[in-house]
Structures are given as structure tokens and as C-alpha cells.
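J.: As a plain string of letters, each chain reads:
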Amino acid sequence: MLANDNFLTDTRTKLGLPKITYTPASPPPPVFPQAAMNIAPVLSARYGLKNIPPLLAELAEQGHELLCPSNMARISVGLATCGQAAGAGNWFKLLAARLDFKNKVIVRHVGCLGACYGEPLVDVRTPDGKHHIFGKVGSDVHWSIIRTAQQHVSQRGAWMVLREREPGILTGFADLEIEKSFHSAFADFFVHQKRRVSGNCGLIDPQSLPEYIGAGGYFAFAKALFERTPEQVTAEMTASGLRGRGGSGFKTGHKWEIAASANDQDRIVIANADEGDPGAYMDRTLMESDPHRVLEGIMIAAYAVGAREAYIFMRQEYPLAVSRLRQAISDAQAAGLLGERILGTGFSLRIGVIQSAGAFVCGEETSMLQVITGQRGEPWPRPPYPASQGLNGHPTVINNVETLANVPWIIAYGAEAFREQGNGDSPGTKIFCLTGDVPKPGFIEVPLGINVRKIVENIGGAAPETVKALQIGGPSGGIVPYSDFAMDFSAVSSIGAMMGSGGLVVLNQSRCVVDLTHHLVRFMADESCGQCLFCRDGLTWLEKLLSQLTAKQGKPGMIDILENLGRDIAGLSLCALGQSAVNPLLTTLQNFREEYDAHLAGICPAAACNAMIHFEIIHSRCTDCRGCYRACPVKAITVEAGKGPAGYLFDHDRCIRCRTCAEICPHNCVVAVSGGEQK
Amino acid sequence: MKDEIRIIIDDLVLNAEVGMPLLSLLKEWKIDIPTLCYHSQLGPLHRCSLCIVEVRRSGEWKAKHACMLACTSGLEIRTISSDIHRLRARAARILLTRGPFAKPSVEIILHRILSAAKAAGIPDDSQFLPIEIPEESISKDLLDQDPTAQMRQQGCVLCGQCVEMCKKTGNNFLTFLGRGNKLRISYVNTAATCGKCRACSHVCPTGYIHSTGQAAFAAKLYR
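Chains as they are written, first to last, in this note's numbering: chain A, 1 to 679; chain B, 680 to 902.
Hints are not guaranteed to be accurate.
Unchecked claim - Per label pair, the in silico range of CB-to-CB distance:
#: 1; chain 1: A; residue 1: E677; chain 2: B; residue 2: S737; range: 53 to 59 Å
#: 2; chain 1: B; residue 1: E755; chain 2: A; residue 2: S330; range: 32 to 38 Å
#: 3; chain 1: A; residue 1: K555; chain 2: B; residue 2: I759; range: 28 to 34 Å
#: 4; chain 1: B; residue 1: D690; chain 2: A; residue 2: P319; range: 57 to 63 Å
#: 5; chain 1: A; residue 1: H192; chain 2: B; residue 2: D690; range: 56 to 62 Å
#: 6; chain 1: A; residue 1: P319; chain 2: B; residue 2: N694; range: 33 to 39 Å
#: 7; chain 1: A; residue 1: S547; chain 2: B; residue 2: E755; range: 38 to 44 Å
Said to hold, decoys possible - Under 7 Å between C-beta atoms, here's a sample of chain A residues computed to sit facing chain B:
#: 8; residue: P381
#: 9; residue: A525
#: 10; residue: S528
#: 11; residue: C529
#: 12; residue: G530
#: 13; residue: Q531
#: 14; residue: L533
#: 15; residue: F534
#: 16; residue: W541
#: 17; residue: K544
#: 18; residue: E594
These aren't lab readings, by the way, just hints derived from the structure by calculation.
C-beta: ideal position from N, C-alpha, C; glycine also.
Required output: the full structure, derived from the provided sequences and hints.
T.: This is the structure we're talking about:
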């Protein structure tokens, strides 16, 4: 490679071009005394574990050598679903196949760092404890990555350089600080986050048990198993005030107490990974990027409530997460962390993976239990709650994957430390999936109680004036106007939305809330299990009414029917699906009622509903390029030659509202207009 | 013997067993509650949505289904109010859109609810219904020609009594299939016949199953 450089330099000199100086390969990187570092005592001191089980100590050393190699560079390519979709697999193949990396660079595939918009993401760790992050990796930075790894000096094209606070110790994203940023938007994405639960995501190889242990994994489990009684673990959870991350926000510690106090000794733990909300992928990313953390959470929960069997109920559509969790389970079993008499104690646990059949309602806990026993996924009335009588009548703790992933952190650092983030009612951090009309969508973890503006503007990078509304908590959450409010359980429910699982969809000014509500109600009407008449036929009725409203067929009095039918469905449905299915409708009726009234009058204020719009040309901007004229598939645009911009005429009856003309116009002069005279 | 408790229904104080479904108690005491999916031998099925009553919770009356409530100490319910009339009428209209029904008794029950609601001054919302309530005069032949009507299982209210009954006989040949507005009942059995015990047709409130479950549902699988 150096020969190549010389050749290039010589050629340039011959041609009389200025000489390019490359960053010299020397001086050699400073050598840190990492080879001698004994990581297990450091980790156990940090987590408050007194006696380290020899198995963990050994695996931690192995993992640490892979994670923070003392004299080699490490390239981590993000290969979660988002990375694969962006084509990261190609770069991984190219880098992993390099022969000149032998004994110099190790190439590993990792999970998702969270900045989904920047995929493919590549992290190059140099032996001095610096992480050079390259985003949107393409052929332009391919050589920069290779040179950074070989020469241990940051090359052009890196978006950000992170430094390990104590070089050689990496137990998650919290151990990193930003040293240099060449891409301020990318740094902003991380600065406002507090990555605890997702700390390992994008840093460790999800398929490697040693790497997880090397980053401090299973130390919390060992601490619980050897140095705490089950009662103490449950008490710690209660003290932490952790609330369920799946939707309703029930206190996790309380749920465990109920199950642990049951007379029935056959107790079961189930991790609910049937994540069906459109736009939410917290659980998927956690399972793909850090499956062992989920397992560790399940193991601690099982120890606390005295369960001997546990299940992970997975969504059918997550093949990568299923295969990674299956592998994680078999790795843990092979290492003796799962199975009979774990680590020589009397505690035994086996974990099974069950794949859901692919209905939204199966994520509801009682209907999930029905599915596990081979029945149709239909909820049953509660009480009895599953924590006292669940799977086959045994006490069953059902926790969301994200809730369980919080558990090792709480056991490791204590309830007190957990409460340092968040506020009294909603302690800790929460993972959100920021999607919609933001320049930087992604998977983020922020303290609960954070101002929503920080999420949307600083992390997401949206300009505040473009944002119209937020959809919080998926199709069962609510649509609320964009304003200042804190993201915590009570504040979000006080504005009529629901924290839900953590989907956060940003809607800009061109989105019609009535149309969106119609879309969400249709989703819920299709996904209702059909048991309750009001949920099944009532939602279908609502969907018809909304489709009439968006199709300019509204009738007077319709909005009142929408509102009281919505309340009836919420009040008379058996499970949380029906009770919350109308939340988008009720919140938009509360916050955007004028848009409903406008639709009744035949005007869509956002100019999004096709039945109510027509297209106009802003003549002052038009350059007479005829792009729209050529693109129109139905020839609804006619041009009178010689008249310039004024010669463009729309045939509104012929127009099919495909919006091709508006999209193709280079000067944005074709605009959709709702209401007013059709010219 | 379970504990006896006292619950209040329309200012009447009644004795009940803890955990007993409220609907069973109401039926036992012959209190007038319209239902289409209740059968004393099958228990509550939570399907027809007609058994709406109001429960007093922290001073407020909340509409609930009697079939989903269990008798607990201190339970206080009422069976007549204008909101109950409104909700039952709404449920009845939705059910009527699934008609016409082979047995007139269903329509009599539903129309009685509607006229009671009308007498209570509840406004008619039928003009907003997604599907028009079919006229009783639609002949069976016409129904057979309309493929969408067959797909919707027009004439069946999806009360699920046949499914439950078939399960109870030990055959378990009938099941709900699909979800949402595509929910339907289907006959799933690899054997040639279902045995013709006709238990399902005896419990069917609408007369949709006129001979056997197989005849009523087999042809409509995956339509």
C-alpha cells in the first residue's frame, strides 16, 4: 500500500502537481499496559461483586482481549437489521477478507449503534482506546477505515472520535466520551442520550458470549446469585421504581412480589418480545445487538421469583433476533450459565423461544398466554392477573424485553444509582424509536422526563417550525401537538397519549391528522381479535366513517358519532387493544378538532387527502421546463406553446392526484391546494 | 361451597357466590337482560355485547358487559339507564347489519332493544352505519348470489356458541378463523363428515346453522 502511495506521489511530482503529504505511519502508537490488565477484578469492583466465579473471570479475560485488544486495532461493523439493509454486509465481507489484517486488525460484526440514519456504521478502535466512527460508509471512506486500523491514526472521513475514559475499560457507551467530532449533527445525536440499557449495542459482538462478559455481562447475575437472596433482589427492584416498558407502566418490582408470594411453586417468567407497534423497534434492536443482556435480565427475574422455566415470546417477523437469541441461549447453556445447577448453585433455569403467529393482539399478555398453550390468541378478562394465575394457571411474570434489559443494570449499580436519571414517578432511562419527518431517525435512549424538544430538535435534528404533531406510543398511543412537555409516564398520559412501547413518530406540517388517524384505526380494526363486538365491528364502523370523511363524503353530525362511538369502544372492550385502539382518534379530536371540521367542509388543511386537493402552478417560480407536462401519466397538464408559465393548465377532472408533477418539479412550483376555486 | 356475598342490582339486594359471572346471576334471577351469546350450559362468551349494565365505581356509573363481570363484595350495578339504552341500541344496530336472520326471534330481540331506546329518547344513528341494515324481505336466493354476503357470513352474529358447543361435545371441529372484520367461523376437520350430532344447530340463535356445522361453515373456509 505504501508503494502505491509513493507511486502516486511520484506521478504527481512528474506532472507538476503539488505534493500530497499523508499522515505518517510513525510514530508508533503508545503502548498501554493493557496486556497485563486483569479485567475481572476491575469489573467486579465496579459492580460490587466480592467473589468472582472462575468461569466469569476466564471468559471476561477472553472477551476483553477481543473488545479492547492491547496491540491490535478492532473494526466493528454494525450488522443489525438496519445495517444489513444499508448494505453493511458488503463492507464487512471486504474488511474481514483482508489478508494484511492478520495479527494487526480484528474485524467483528456488532449490533446497532442507534444512529440508524447513518448506517452502515463502522467503528475502528485503536489500541490507545479511541473509537473512530465512520458513518454512511461507502467506497469513499473504505481506505480511510483501513488506514485508521493499520496506522492507528484517524483518517479523513471519520464522523466522530470517541475516547474511553479509562483506556482499556469498555463496559458500554457510558465509558466513552467524545474527543473530536467532524460531524456536529452526529455528535448531537449522542450527546443528549444516556445509554445504559443499550450501552453495549453497537460495541460488542452479539454472538459472542465472552465479549458480553468482557463488557461486564453476567456479573450482575453472579452478584444476585451469590450475594443476594431472591427477596433482596425483588426489594432492590421495588426500590428502583422501574416501571414496565411495554406500555402500561406497571411497577416491575410489584409484579415480581405478587408472583413470588404465590403459594404455587411452579413459577414462570416470560419475556414479551412480540413488538408489533408500527415504528417501534426497541426490542428488536436490543435482541439483535445485545441478546445476552435480555437473557441476564430473565435469569435475574427467574432467580428473584423462584422460576425454573422461562420463555421468550418472539415476534414472527424478527428472524435475525430469533436466531441471535437462540444462539445466545445455546452459548450460555454450553458455558454453564443456563441449565441445571447454574454455576454450582441450586438454581436451575431453562429458557425457551416461542415464535408468535404474527397477530398484533398476541402481544397482549393474556392472549399471549393463550397462544403459548396452543389456543387462538384471544384475551381473557383480568383479574386474575397472570402474575398470580398465568400460564397453565401458574404464577407468571410477563415483562417486556426492555424492562428485563434494565434489570442487570439495576442489580449491578443499585436502585439509588438507577433513580439518578428520570424523575420520581418515572425513574431511569427509556429507549425511544425516533422516526417520521426527522433528518436523523434512530434508536435512542434518554432519561425519562427529558423535554420532548430535546429529542426532536437536538437528537432528531428537526427544525421546530416544521413539526406539527407527535405520535407517541404507536397505534394505541396518541397524536399530540408539538409543544413543550416532559417525556415521562404521567406527563404523557396527562396529555392523552400513552408512553406505550416507545415509538415516537414526528409529523411535519404536510401530514393530515385525519388521514393518519384513519390509517391507524384501519390497522387496529384489522388487528382486533374479533371477540368484542364493539372492538371488531365498532372499529370497522369508525374506519368507514373516517374513510368517508377523508373522501369528502362527510355528513353533518358525523364527528359527534366518531367521538361517542370511540368512547364506547374504549369503555366496552375487554383488553388493552380495544381500550386504547381509539386513542389516536380521541386525542386528535381533542387537539385537532378544527381539522375534522375542515374535512367535513371539504378542505384538508394539510393538503394531503387526495379527494380534497387540486394542483396549481406558482407562475412566478416556473421556468417553463415542461418537466411536469412530460411526467404526468394521464396527460392532465396541457401547455400552450409560446405563453411561458401562464400556458400551463391543469385538467382537474382528469388528474389522478398521483403527485408526480409536484415531486418532479425542480423549483417546487407545483403545489397541492385544498379548498378554493379550481383554476 | 363458596362464600356468599350480597350485591346490589337496581336497588335490590341479592345473594351471590364470589367469582360467579354476573350474567349467570342475572339470568338465574330472571332479570331482563338481552343476550344472544349466552347459554346456561356454556357460560359467558363475551361475544354479542348486548348484556350491557352499569357498574358503580368510585361514585360513577360505568357501562360494562355483565358477562365480563364477576360477583365481588360490594358490587353495585343497575340495568336501566339512558346510556345503557344508547349502547345496547348501538350494539343491536351493528348486529342487525349482519342480518337478515333465518330465525325471526333474533330480529324481535334486537328491534325490541331499538324501540326501547327510541322510547327513552335516544337519537337514531343508523344513517351513519357502515352497511345498511338489510331488509327482511331479502330472499335467501339473493343472498346466495352475493359473494360478499357469504364471505361476511351474513346471517350469523358470530356468537361462538356453536364453537363452544362443538368443543364441549369433544369434536372440536368448529373454530374462529381470521381476525378483525374478517373474523368468521369455520369447519376444520379432515374427516369426511362431522358426525351430524347437530348440537351446534340447536344452540345457534340465528338459525344460520340449519342442518350441521359442516354444511354451514365448510364451504366458506378461506373464501
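J.: Now look at each hint and say whether the structure bears it out.
T.: Hints, verified against the model:
1. Here the CB-CB span from A/E677 to B/S737 is close to 55 Å, well matched to the stated 53 to 59 Å.
2. Between B/E755 and A/S330 the Cβ separation comes to about 56 Å, which falls outside the hinted range of 32 to 38 Å.
3. Our hint of 28 to 34 Å for A/K555 and B/I759 holds, since their Cβ atoms are close to 31 Å apart.
4. At about 60 Å, the beta-carbon gap between B/D690 and A/P319 stays in the expected band of 57 to 63 Å.
5. Under the hint 56 to 62 Å, the C-beta atoms of A/H192 and B/D690, about 59 Å apart, fit the expected range.
6. With their beta carbons about 56 Å apart, A/P319 and B/N694 fall outside the hinted range of 33 to 39 Å.
7. Distance hint check for A/S547 and B/E755: the Cβ-Cβ separation is about 41 Å, which falls inside the suggested range of 38 to 44 Å.
8. A hinted interface residue such as A/P381 counts as satisfied when its beta carbon comes closer than 7 Å to some beta carbon of chain B; here the least separation is about 5 Å, so the hint holds.
9. Annotation: interface hint on A/A525 holds; nearest CB of chain B at approximately 5 Å, less than 7 Å.
10. Interface hint status for A/S528: upheld, as the beta-carbon distance to the closest one in chain B is roughly 5 Å, under 7 Å.
11. At its closest, the beta carbon of A/C529 sits 5 Å from a beta carbon of chain B; the interface hint therefore holds under the 7 Å criterion.
12. The beta carbon of A/G530 comes within 3 Å of a beta carbon in chain B, closer than 7 Å, and the hint placing it at the interface holds.
13. With a least beta-carbon distance of about 6 Å to chain B, the hint placing A/Q531 at the interface is held under the 7 Å criterion.
14. About 3 Å separates the beta-carbon of A/L533 from the nearest beta-carbon of chain B, less than 7 Å, and the hint is met.
15. Contact between A/F534 and chain B, as hinted, is supported at the beta carbon level, the nearest pair being about 6 Å apart and thus within 7 Å.
16. With a cut of 7 Å, the hint placing A/W541 at the interface with chain B holds, because the nearest CB-to-CB distance is about 5 Å.
17. Interface hint at A/K544: satisfied, since its Cβ lies 4 Å from the closest Cβ of chain B, which is below the 7 Å cut-off.
18. Interface hint at A/E594: violated, since its Cβ lies 21 Å from the closest Cβ of chain B, which is beyond the 7 Å cut-off.
In the structure shown, a violation is registered for the earlier hints numbered 2, 6 and 18, in ascending order.
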